[in-house]
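Given the sequences, and given the hints that come with them, work out the whole structure.
As you go down the protein sequences, you meet chains A and B in turn. Under the working numbering, residues 45 to 195 are what the first sequence spells out, in order. Under the working numbering, residues 38 to 205 are what the second sequence spells out, in order.
Everything labelled a hint here was simulated from the structure, so no lab data went into it. Warning: the hint list may mix true and false statements.
Unchecked claim - Straight-line alpha carbon distances no greater than 16 Å define the calculated EDC-like cross-link-like pairs of lysine to aspartate or glutamate that follow:
hint, chain 1, residue 1, chain 2, residue 2
1, A, 76, A, 110
2, A, 131, A, 152
3, B, 50, A, 74
4, B, 90, B, 147
5, A, 139, A, 188
6, B, 50, A, 93
7, B, 179, B, 77
8, A, 125, B, 59
9, B, 90, B, 203
10, A, 172, A, 110
11, A, 76, B, 46
12, A, 139, A, 110
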Amino acid sequence: MALTAPYVLEYTYRRSVGPVVGQFLTGLRDQKFLGMKTSSGRILVPPPENDPETGETLSEMVAVGDAGVVTTWSWVSAPRKNHPLQKPFAWALVKLDGADTAMLHVVDVGEGGMEKMSTGMRVRARWKAERIGHVTDVACFEPESPQAVTR
Amino acid sequence: MSEPKPKQDEPIKRMLAPVRLEFTVSAGRDKTAFLGAIIEGRILGGRCPSCRKVYVPPRGCPTCGVEMVGDIPISDHGVVTTFCTVSIPFEGQTMKLPYVYASIVLDGADVPIFHLVDGIDAKDARMGLRVRADWRPPAERKPTMESIRAFVPTGEPDAAFDTYKEHL
Ligand SMILES: [Zn+2]
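Right under this line is the structure:
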């Protein structure tokens, strides 16, 4: 039998986020999503520093909703150790209300499984009580309650 | 690892983005034999049947791409071919600064191993220095190169550059 041993390779990076992502993360800490308005009037979330169409530097940040629509998703039936949830969940692209692009996050369907997921479903952010300015300040998105949908 | 919590009214300027990879490494047949011998205070090498070079630890010959045959006993005495002096503290550091980390060609081997050189002032470290393994007591040895505490000077005259220039 060959010997085996655990081996861990870790780089403890602390990176500078820059002014735009910095504002986005500051917004998350303050429990709101910020997007970037482009010259053509589209609102991109998460916000880029430059207009993807023209390349010009952008600076007009606007708040969008913390609920939106799932545009596509992928089901994780067996979460791994570093996954954000230790129960089956979906990676999903969520287009927040007021935004023109979707951002990647996690959907926790609560009781039940993949049958609760559908493209076009409405979801709402579940915020952590203690927020540090990181994308994980949003614990996950959850299916919006029927009351909220008819609101 | 923890990030100092930013004040609630300050803008976020930095974030932790660690990269962590967890492996289970297998030593394989040759290095398992090598590490078993280390516990017994012996060092094993392997000779390439094609180019005749002796590698420590034994492994497939990286030049010829062939398997090595036999476990060849190698001396625990050798010569420092190159070295670096570590003077700057870093995360996970266990040695007292400054210390010397060296490339050491053991007598009978064609390629160097890397280990600490102790028992000498860092400023006196040099190419050609003759050293020997300072083994930990048998009860403290494990299947790791740390079973050799460090290499220490033998007191012999320095080796001439020509004797090890092919083995840097
Ligand atoms: Zn060879």
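Okay, the hints, checked on the actual structure:
no., hint, result
1, A/76 x A/110, "7 Å, holds"
2, A/131 x A/152, "9 Å, holds"
3, B/50 x A/74, "14 Å, holds"
4, B/90 x B/147, "6 Å, holds"
5, A/139 x A/188, "14 Å, holds"
6, B/50 x A/93, "15 Å, holds"
7, B/179 x B/77, "9 Å, holds"
8, A/125 x B/59, "11 Å, holds"
9, B/90 x B/203, "11 Å, holds"
10, A/172 x A/110, "13 Å, holds"
11, A/76 x B/46, "14 Å, holds"
12, A/139 x A/110, "10 Å, holds"
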